[in-house]
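K.L.:
Position chain B against the provided structure of chain A, taking the given hints into account.
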Amino acid sequence: MNTDAIHFLIIDDEKIIREGAERIITKEGWQATTTDTGESGLELLKKNSFHILLLDLMMPGIGGMEVLKSVQETHPDLLVIVITGYATIENAVEAMKSGAYDFIPKPFTPDQLRIVVRRAIDKLKLKYETEQLRLQQEQSLQDIANEKSKTSTIINHMADGVLVTDHSGSIVLHNPAVTRMLGLEEQSPLGKTILEWTGNEELADMIGKVLTMQGSQDQGLSQELARGDPPAVFFVAHSAPVRTEAGSVVGSVTIFNDVTWLKELDQMKSDFVNMVSHELRSPLGSIRQKLSLIVDGFVGDVTEEQNKIVQRVQTRIDGLIGMIKNLLDISRIEAGRLIQQKERIVMPEIIESAVELLAQDAEAKGLRLNVTIDSQMYTIHADRQSMETVVTNLISNAIKYNREKGQITINAGNRGDFVELQVADTGVGISPENLPRIFDKFYRIRNEYTRQVVGSGLGLPLVKALVEAHLGTITVESQPDKGTAFTVLLPRGVN
Amino acid sequence: MAKILVVDDDPDLVESVSTILQNKNHKVVQAYGGIEGLEKARTEKPDAIVLDVMMPDKDGYEVCKELKADPNCQDIPVLLLTAVVSQIPNTTYTTRMGMETEADDYVDKPVEPSELVRLVERLLTP
Numbered sequence: 191m192n193t194d195a196i197h198f199l200i201i202d203d204e205k206i207i208r209e210g211a212e213r214i215i216t217k218e219g220w221q222a223t224t225t226d227t228g229e230s231g232l233e234l235l236k237k238n239s240f241h242i243l244l245l246d247l248m249m250p251g252i253g254g255m256e257v258l259k260s261v262q263e264t265h266p267d268l269l270v271i272v273i274t275g276y277a278t279i280e281n282a283v284e285a286m287k288s289g290a291y292d293f294i295p296k297p298f299t300p301d302q303l304r305i306v307v308r309r310a311i312d313k314l315k316l317k318y319e320t321e322q323l324r325l326q327q328e329q330s331l332q333d334i335a336n337e338k339s340k341t342s343t344i345i346n347h348m349a350d351g352v353l354v355t356d357h358s359g360s361i362v363l364h365n366p367a368v369t370r371m372l373g374l375e376e377q378s379p380l381g382k383t384i385l386e387w388t389g390n391e392e393l394a395d396m397i398g399k400v401l402t403m404q405g406s407q408d409q410g411l412s413q414e415l416a417r418g419d420p421p422a423v424f425f426v427a428h429s430a431p432v433r434t435e436a437g438s439v440v441g442s443v444t445i446f447n448d449v450t451w452l453k454e455l456d457q458m459k460s461d462f463v464n465m466v467s468h469e470l471r472s473p474l475g476s477i478r479q480k481l482s483l484i485v486d487g488f489v490g491d492v493t494e495e496q497n498k499i500v501q502r503v504q505t506r507i508d509g510l511i512g513m514i515k516n517l518l519d520i521s522r523i524e525a526g527r528l529i530q531q532k533e534r535i536v537m538p539e540i541i542e543s544a545v546e547l548l549a550q551d552a553e554a555k556g557l558r559l560n561v562t563i564d565s566q567m568y569t570i571h572a573d574r575q576s577m578e579t580v581v582t583n584l585i586s587n588a589i590k591y592n593r594e595k596g597q598i599t600i601n602a603g604n605r606g607d608f609v610e611l612q613v614a615d616t617g618v619g620i621s622p623e624n625l626p627r628i629f630d631k632f633y634r635i636r637n638e639y640t641r642q643v644v645g646s647g648l649g650l651p652l653v654k655a656l657v658e659a660h661l662g663t664i665t666v667e668s669q670p671d672k673g674t675a676f677t678v679l680l681p682r683g684v685n
Numbered sequence: 014m015a016k017i018l019v020v021d022d023d024p025d026l027v028e029s030v031s032t033i034l035q036n037k038n039h040k041v042v043q044a045y046g047g048i049e050g051l052e053k054a055r056t057e058k059p060d061a062i063v064l065d066v067m068m069p070d071k072d073g074y075e076v077c078k079e080l081k082a083d084p085n086c087q088d089i090p091v092l093l094l095t096a097v098v099s100q101i102p103n104t105t106y107t108t109r110m111g112m113e114t115e116a117d118d119y120v121d122k123p124v125e126p127s128e129l130v131r132l133v134e135r136l137l138t139p
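Those protein sequence lines, which keep their order, are chains A and B.
For the first sequence, the residue numbers in this note's numbering are 191 to 685.
For the second sequence, the residue numbers in this note's numbering are 14 to 139.
Next comes chain A alone, as it looks inside the complex (with noise of 0.2 Å):
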């Protein structure tokens, strides 16, 4: 508060005092307004707005007393002092009593009149800043319950679901999405654990891990959650544990997140990578053998230089026929739907019977095949045919894009609970900018060296998928210019 804002009234019929008390109050800063009568004072009051009233209370016309009562009921927050003779301080009780805040006896000094003029001011002060702190309260009070609507508010109508429960696993916050997500009644589930409220265990196993998280460094957990039998929704769930300052876990948030159109998308698109497929591949099935009857002479004799070239649209024609096939399996596994047979692996003769089938590939480019395979090879539960296909593609990557007289070294052995295969080229290698996208579908490396090598760019993808739908990783090493490695790791099976 600004004191030198504080206005004083000073109604007084005695000049010298009412002079001499402007004189001291205007002095020290402060305004003062004076007049003479009671009368003229509430006059002046209803206009204009003062803070203390220095009031006479023996006056002509309308007395002090009067004027104070008065001034009670119209300007409660008026601090009246009231000026009085010694001869009249009954009166000065009988008017503090009647709501003046003190009195000052006649006569006085400046000094007296300052310190009672101080004392009305600090007065005001702590009333007014008592009167703003309640504002500030209340103000306060009324922004928390405005945050608390509008994040109820948000919480409410996100499309995510939102699941908050103590540390003990009781729900205390929960969304109507996650509701929907589950698929569960419009009934207040505050105060049950997430198994009663939604019987789902694996939701409720998850979230149970969450809660017992020791340490700062375990960030929470994700989980695909299917509904439904058979599953119609899908959703994602991300738990992770709410902590205090000092590392307590003190409840979870759950996130939920619907995937089901993902999943809907991503099966029309399976179903249309599937149809598009077999509506290509029959055809060029059909052409395939056509141009077999020229090319071994069925349909009578043809020169040497047609039929290199029909063999040559052979070779294309049947590269397409791969890259149909890579397609299949690729929207097959997954869709989910490779039905593995799986079987008693020798992962040995897998590799010595791909090098057998590539051998004339890679002389043809003279290379020269290192192969080391140990003979005490954990054997492991997999699909054969899957098996085969990841080894061939890869020998046969590192025989494509090695370079002419090169080497490929292929190691195969025991790490751990593992079998490991490495395939390594000493071709061009891929640069680190390529590397982490050469698993990615039909994505193909294109410079100078890979446009002469017919690829569908599907071949590390099916590998990739393949190795994991094994429980397995594929990992790869690159040096440009110098060669690759790969290395695919499959759990070894159980004998």
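Where hints are given, some of them may not hold.
[As the list claims (entries may be wrong)] Straight-line Cα separation of at most 20 Å, SDA-like style, residue types lysine to any residue; simulated pairs:
| no. | chain 1 | residue 1 | chain 2 | residue 2 |
| --- | --- | --- | --- | --- |
| 1 | B | Lys-37 | A | Asp-491 |
| 2 | A | Lys-498 | B | Glu-125 |
| 3 | A | Lys-480 | B | Asn-36 |
| 4 | A | Lys-296 | A | Val-306 |
| 5 | A | Lys-259 | A | Ser-230 |
[Unchecked claim] Examples of chain A residues lying across from chain B (beta carbon under 8 Å, computed):
| no. | residue |
| --- | --- |
| 6 | Ser-472 |
| 7 | Gly-475 |
| 8 | Ser-476 |
| 9 | Arg-478 |
| 10 | Gln-479 |
| 11 | Lys-480 |
| 12 | Ser-482 |
| 13 | Leu-483 |
| 14 | Asp-486 |
| 15 | Phe-488 |
| 16 | Val-489 |
Please keep in mind that the hints were generated in silico from the structure rather than gathered at the bench.
Nothing here was measured: the structure is a model prediction, and the numbers come from that model.
Quick reminder that beta carbons are idealized off the backbone N, C-alpha and C, glycines included.
P.N.:
Chain B only, in chain A's frame:
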């Protein structure tokens, strides 16, 4: 010289396979669908059948099954022409091939002429 029934809904393929077999001096009877194939198997009494799997009216598995259930036809050897072996999920494939259809052999389309001849002639050899 034997009489061979070629069944496929793709006329181009029937023609190709016929050409290859005729070239090896076999007599070829053609059918352009499963139902027609079954009929001709019964009326023509071929020495062997080259049978496509994927046909719209009646697929090769079904035709093969009916042939093997027919006392007059069950001894005719059948070579199944599959689109791609891997195209058929393995479990289904194995079950159907081994237990239901009792086809005598199978080969992926497209097939090299020499391979087709080799397989057919192997079927003809008692």
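K.L.:
Would you list, in rising numerical order, the hints stated earlier that this structure does not obey?
P.N.:
none
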